[in-house]
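Visitor: Protein chains in written order, with my numbering: chain D, 720 to 977; chain F, 19 to 287.
To be clear, the hints were calculated from the coordinates, so they are not data collected in a lab. Don't be surprised by glycine CBs; every beta carbon is placed ideally from N, CA and C. Keep in mind that the hints are not guaranteed to be accurate.
Pairwise CB distance ranges, derived in the manner of DEER restraints [said to hold, decoys possible]:
1. D:I860 x F:V138: 52 to 58 angstroms
2. F:A252 x D:G851: 27 to 33 angstroms
3. F:Q59 x D:R966: 42 to 48 angstroms
4. F:D253 x D:E827: 27 to 33 angstroms
Counterexamples of contact, computed for chain F against chain D with all Cβ distances above 12 angstroms [what the hints assert, rightly or not]:
5. F60
6. L248
7. Q249
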Amino acid sequence: MKRWPALTAAALLLAGASGCGGSGNAADRGSGDSHSALRVFAAASLTATFTELADVYEQENPGTTVELNFAGSSDLVSQIQEGAPADVIATADEPNMTRLTDEDLLAEAPQVFVTNSLTIAVAPGNPLGISGLSDLAAEDITTVVCAVQVPCGTASAQLLDRAGVEVSPVSEENAVTGVLSKVATGQADAGLVYTTDAAAEGSGVQAVDLPESASVLNRYPISALQAAADPEAAAEFVDFILADSARGVFDEAGFGVP
Amino acid sequence: MRSSQTYQPGVPAWLIPIAVVAAAVVLLPLVGMLARLPMGQFLSLITSVPSLEALRLSLITASSAAVLCVLLGVPLAVTLVRIEFPGRQLARAFVLLPLVLPPVVGGLALLYTFGRRGVVGAPLSAVGIDIAFSTIAVVLAQIFVSMPFVVITIESALLSMGTKYEIAAASLGASPWRSLLMVTVPSLMPAILSGGILAFARSLGEFGATITFAGSLQGVTRTLPLEIYLQREADPDAAIALSVLLVLIAVVIVASVYRLPARYRGLRP
Numbered sequence: 720m721k722r723w724p725a726l727t728a729a730a731l732l733l734a735g736a737s738g739c740g741g742s743g744n745a746a747d748r749g750s751g752d753s754h755s756a757l758r759v760f761a762a763a764s765l766t767a768t769f770t771e772l773a774d775v776y777e778q779e780n781p782g783t784t785v786e787l788n789f790a791g792s793s794d795l796v797s798q799i800q801e802g803a804p805a806d807v808i809a810t811a812d813e814p815n816m817t818r819l820t821d822e823d824l825l826a827e828a829p830q831v832f833v834t835n836s837l838t839i840a841v842a843p844g845n846p847l848g849i850s851g852l853s854d855l856a857a858e859d860i861t862t863v864v865c866a867v868q869v870p871c872g873t874a875s876a877q878l879l880d881r882a883g884v885e886v887s888p889v890s891e892e893n894a895v896t897g898v899l900s901k902v903a904t905g906q907a908d909a910g911l912v913y914t915t916d917a918a919a920e921g922s923g924v925q926a927v928d929l930p931e932s933a934s935v936l937n938r939y940p941i942s943a944l945q946a947a948a949d950p951e952a953a954a955e956f957v958d959f960i961l962a963d964s965a966r967g968v969f970d971e972a973g974f975g976v977p
Numbered sequence: 019m020r021s022s023q024t025y026q027p028g029v030p031a032w033l034i035p036i037a038v039v040a041a042a043v044v045l046l047p048l049v050g051m052l053a054r055l056p057m058g059q060f061l062s063l064i065t066s067v068p069s070l071e072a073l074r075l076s077l078i079t080a081s082s083a084a085v086l087c088v089l090l091g092v093p094l095a096v097t098l099v100r101i102e103f104p105g106r107q108l109a110r111a112f113v114l115l116p117l118v119l120p121p122v123v124g125g126l127a128l129l130y131t132f133g134r135r136g137v138v139g140a141p142l143s144a145v146g147i148d149i150a151f152s153t154i155a156v157v158l159a160q161i162f163v164s165m166p167f168v169v170i171t172i173e174s175a176l177l178s179m180g181t182k183y184e185i186a187a188a189s190l191g192a193s194p195w196r197s198l199l200m201v202t203v204p205s206l207m208p209a210i211l212s213g214g215i216l217a218f219a220r221s222l223g224e225f226g227a228t229i230t231f232a233g234s235l236q237g238v239t240r241t242l243p244l245e246i247y248l249q250r251e252a253d254p255d256a257a258i259a260l261s262v263l264l265v266l267i268a269v270v271i272v273a274s275v276y277r278l279p280a281r282y283r284g285l286r287p
């Protein structure tokens, strides 16, 4: 009896601590016959476009369902290295894809299908009149960027370096979504994000065009995996993404042509 | 098996395999992580500058949060248990809400309250006080998620203690203030200690509310769990080494909580 308060609290501690974590990014698209299900692992920034394209693909190929798993590129590659079943992978940068090439896990050489550039996200209406990278160095402007450990952070550091601008960010986020939400909620005045993220419907931010951002492009490669359950179907989906017919969807989202 | 059943009536032998499975669910993942630990580099990985900064920040913020949780949580628990007021049951339920809330929801709630555009944050920001992205934001997030541990521990202790000693003190002429300091608080000491340690432990592991509300910057807001989450992207070995460090700290904490009541048993009325 004397011990139970501490024990109850300890049990609750464990229950509470488990509250965060899992980001639930596996989007099951129908539960059809597993033999005709194509498992596509794609970078988080491809969520809107790949969801739309998967619908088109399913309509064009009756009987095939596409199961999409969206996460950060680094996470996706780690999942595949640890044996997660996947047929196709599309990452947001080339270094992460190289980790799979190095371990001979790909069925073919990866092909770049889109590019993405950086832009400055600001509050709608741009109340502070931010017009370029040099404005981010001002002391009264709160800036948020991605940490250099993640692809968007590497690109941001490169871009700022080339522009010769020194920025002291108030936060270095793990993902571009973190930067977006800090700007959208008004916690920060500006943030470096991908053009496609700022352009997405409901992003809550406005983009400031950066002519110099064309010099630092993230290239998105795609490839079928060696361990694909149906290598033919996997290769077919890769061709579908690389085809001109998919181009319109990527253009509309703000992706560049490689 | 038979002999243990004589000593412990009502414990059937088939319970043991289930208990082993339950323990394995908790212990196996830890073994799995240890198996991946780069032993040779462990020390160098946990003593890198970002790791040490994260560890220092975690220890400072978690202990500040634990002390504040006790200072605020004990009066709250005493009020909830000992003072009758309308809506008391509802108030108790709300105080425990952070236990069941996903931490990221707590972070959003804090953001819309203490953020630059929040109900409290906006007036503060107008006079030049910005909480977001500061170490104070980290402590605030930790207090939010940890407070229920102190309240629940003190509540249970107060309920099992009853009021007979306070009544005795009052009959001998002690003022309520004197009775609280000389009778209630001393008998609550074991619960205060275990509640404080649990709050420290929960604060040390806090991630979701912190990254949502406070952001992530080395030495300012990037605590150990945030550093682990970031290193996982670039240097999985460093992430594993830091995780093992966090597990070691957690083991020490949990062990000390389990020992506390026994150590204080003789002192309790």
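Visitor: Evaluate the given range 52 to 58 angstroms for the C-beta pair formed by I860 of chain D and V138 of chain F.
Guide: violated, 23 angstroms
Visitor: Once the closest CB in chain D is found, is it more than 12 angstroms from F60 of chain F?
Guide: Given a closest Cβ separation of 20 angstroms, the condition holds.
Visitor: Confirm or reject the statement that L248 of chain F sits farther than 12 angstroms, beta carbon to beta carbon, from all of chain D.
Guide: Non-interface label on L248 of chain F violated, nearest chain D Cβ at 5 angstroms vs cutoff 12 angstroms.
Visitor: So Q249 of chain F supposedly isn't at the interface. Is its beta-carbon more than 12 angstroms from every beta-carbon in chain D?
Guide: violated, 7 angstroms
Visitor: Is the hinted range of 27 to 33 angstroms satisfied by the C-beta distance from D253 of chain F to E827 of chain D?
Guide: Distance hint for D253 of chain F, E827 of chain D holds at roughly 29 angstroms.
Visitor: Has the hinted range 27 to 33 angstroms been met by the Cβ atoms of A252 of chain F and G851 of chain D?
Guide: holds, 29 angstroms
Visitor: Is the gap between the beta carbons of Q59 of chain F and R966 of chain D within 42 to 48 angstroms?
Guide: For R966 of chain D against Q59 of chain F, whose Cβ atoms are near 46 angstroms apart, the range 42 to 48 angstroms holds.
Of the hints listed earlier, those the structure fails to meet are numbers 1, 6 and 7, in rising order.
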